[in-house]
Amino acid sequence: NAGVTQTPKFQVLKTGQSMTLQCAQDMNHNSMYWYRQDPGMGLRLIYYSASEGTTDKGEVPNGYNVSRLNKREFSLRLESAAPSQTSVYFCASSPPNSPLHFGNGTRLTVT
Amino acid sequence: QKEVEQDPGPLSVPEGAIVSLNCTYSNSAFQYFMWYRQYSRKGPELLMYTYSSGNKEDGRFTAQVDKSSKYISLFIRDSQPSDSATYLCAIKAAGNKLTFGGGTRVLVKP
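Listed in order, the protein sequences are those of chains Y and W. Going by the working numbering, the first sequence opens with residue 1, and the numbers climb by one from there. Going by the working numbering, the second sequence opens with residue 1, and the numbers climb by one from there.
Bound conformation, chain Y alone:
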């Protein structure tokens, strides 16, 4: 009963490097989300996908791109990492108008 699986769990990047954070859910949910969590800032929505084939910007989309590869998978890409993107990134999924189910996060440090 995996739920929402995120890889990798930890990552250290140098400024300017790129990487993709992977997320997969096995609950057949239509909607998927990417959040970042920073001390004192709470959870902030980066991008979301209401259904396969659609993506929309959230509160803090700058510097990120997303791909909804299929119903199960939703990836987040940093094209040119910056120290301001040091954060914990959470992927979540949900049925329509229902609470979110979260993964356990990717801890990213950009030096």
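Incorrect hints may have been included.
[Said to hold, decoys possible] Far from chain W, by Cβ distances over 10 Å, these chain Y residues were calculated:
(1) V12
(2) G16
(3) S18
(4) M19
(5) A24
(6) N28
(7) S51
(8) G53
(9) V60
(10) Y64
(11) S84
(12) G105
[Claimed, not checked] Below, simulated EDC-like cross-link-like pairs (lysine to aspartate or glutamate); rule was C-alpha separation at most 16 Å, straight line:
(13) W:K56 with W:D66
(14) W:K109 with W:D83
(15) W:K42 with Y:D38
(16) W:K97 with Y:D56
(17) W:K109 with W:D78
(18) W:K70 with W:E3
(19) W:K42 with W:D83
(20) W:K97 with Y:E59
(21) W:K67 with W:E5
(22) W:K109 with W:E15
(23) W:K2 with Y:E59
(24) Y:K71 with Y:D26
Treat the hints as calculated values from the structure; they're not laboratory data. Quick reminder that beta carbons are idealized off the backbone N, C-alpha and C, glycines included.
Fit chain W to the known structure of chain Y by using the hints.
Positioned in the frame of chain Y, the structure of chain W alone reads:
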């Protein structure tokens, strides 16, 4: 002013005490109310979900919503050391995205 305000704590209580947590919000269109629990180095997990004013009980947990005051609360009875975590309120309007409070860190001391 943030749409959802939550005291960051930490809130420290002795084992067995009642933990009282709350959030205030500003948007009267909010109508779905959730509480999540987050252990250190883990993702948030749903504790309570309600969409009406009043109380909802689940075991040792009670969620309270007062839409007229734009105020929601979570009470934990007979608190245990395993309840030590960060508690996040989350609120949404129909069709819109969730807005999270910043979380309250709770420490239950044996």
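Hints, verified against the model:
1. Every C-beta of chain W lies more than 10 Å from that of Y:V12, the closest at about 16 Å, which supports listing it as non-interface.
2. The beta carbon of Y:G16 is kept farther than 10 Å from every beta carbon of chain W, the shortest such distance being approximately 28 Å.
3. Against chain W, the non-interface label of Y:S18 holds: every CB pair exceeds 10 Å, the least being about 24 Å.
4. The beta carbon of Y:M19 is kept farther than 10 Å from every beta carbon of chain W, the shortest such distance being approximately 20 Å.
5. No beta-carbon of chain W is positioned within 10 Å of the beta-carbon of Y:A24; the least distance is around 14 Å.
6. At roughly 18 Å, the least C-beta separation between Y:N28 and chain W is larger than 10 Å, which holds for a residue marked as non-interface.
7. Every beta carbon of chain W lies more than 10 Å from that of Y:S51, the smallest distance being close to 14 Å; the non-interface claim holds.
8. Remark: the non-interface label on Y:G53 is consistent with the geometry, its nearest Cβ contact in chain W lying 19 Å away (cut-off 10 Å).
9. The non-interface label for Y:V60 is consistent with chain W: the shortest C-beta to C-beta separation is roughly 12 Å, beyond 10 Å.
10. Non-interface status of Y:Y64 relative to chain W is upheld: no Cβ of that chain comes within 10 Å, the nearest being about 16 Å off.
11. With a closest Cβ-Cβ approach of about 19 Å to chain W, Y:S84 is found to remain outside the 10 Å limit, as its non-interface label requires.
12. For Y:G105, the requirement that its beta carbon stay farther than 10 Å from each beta carbon of chain W is not met, with the minimum near 6 Å.
13. A threshold of 16 Å between alpha carbons decides the hint, and for W:K56 with W:D66 the separation of about 12 Å falls inside it, so the pair holds.
14. Of the pairs offered as hints, the one joining W:K109 and W:D83 holds, with about 10 Å between alpha carbons and a cut-off of 16 Å not exceeded.
15. Straight-line distance between C-alpha atoms of W:K42 and Y:D38 comes to about 14 Å, which keeps the hinted pair within the 16 Å bound.
16. Using a Cα cut-off of 16 Å, the hinted pair W:K97 and Y:D56 holds, with the two alpha carbons roughly 11 Å apart.
17. With a CA separation close to 12 Å, the supplied pair W:K109 and W:D78 stays within the 16 Å bound.
18. About 11 Å separates the Cα atoms of W:K70 and W:E3, which keeps this hinted pair within 16 Å; it holds.
19. Taken as a hint, the W:K42 and W:D83 pair is honoured in the structure, with Cα atoms around 14 Å apart against an allowance of 16 Å.
20. Straight-line distance between C-alpha atoms of W:K97 and Y:E59 comes to about 10 Å, which keeps the hinted pair within the 16 Å bound.
21. Using a Cα cut-off of 16 Å, the hinted pair W:K67 and W:E5 holds, with the two alpha carbons roughly 15 Å apart.
22. Among the hinted pairs, W:K109 with W:E15 is consistent with the structure: their alpha-carbon atoms are about 6 Å apart, no more than 16 Å.
23. At most 16 Å may separate the alpha-carbon atoms for a hinted pair to count; W:K2 and Y:E59 meet this at roughly 13 Å.
24. Of the supplied pair hints, the one linking Y:K71 and Y:D26 holds, its CA atoms being roughly 9 Å apart against a limit of 16 Å.
Violation of the numbered hints given earlier is confined to hint 12; every other hint is satisfied by the structure.
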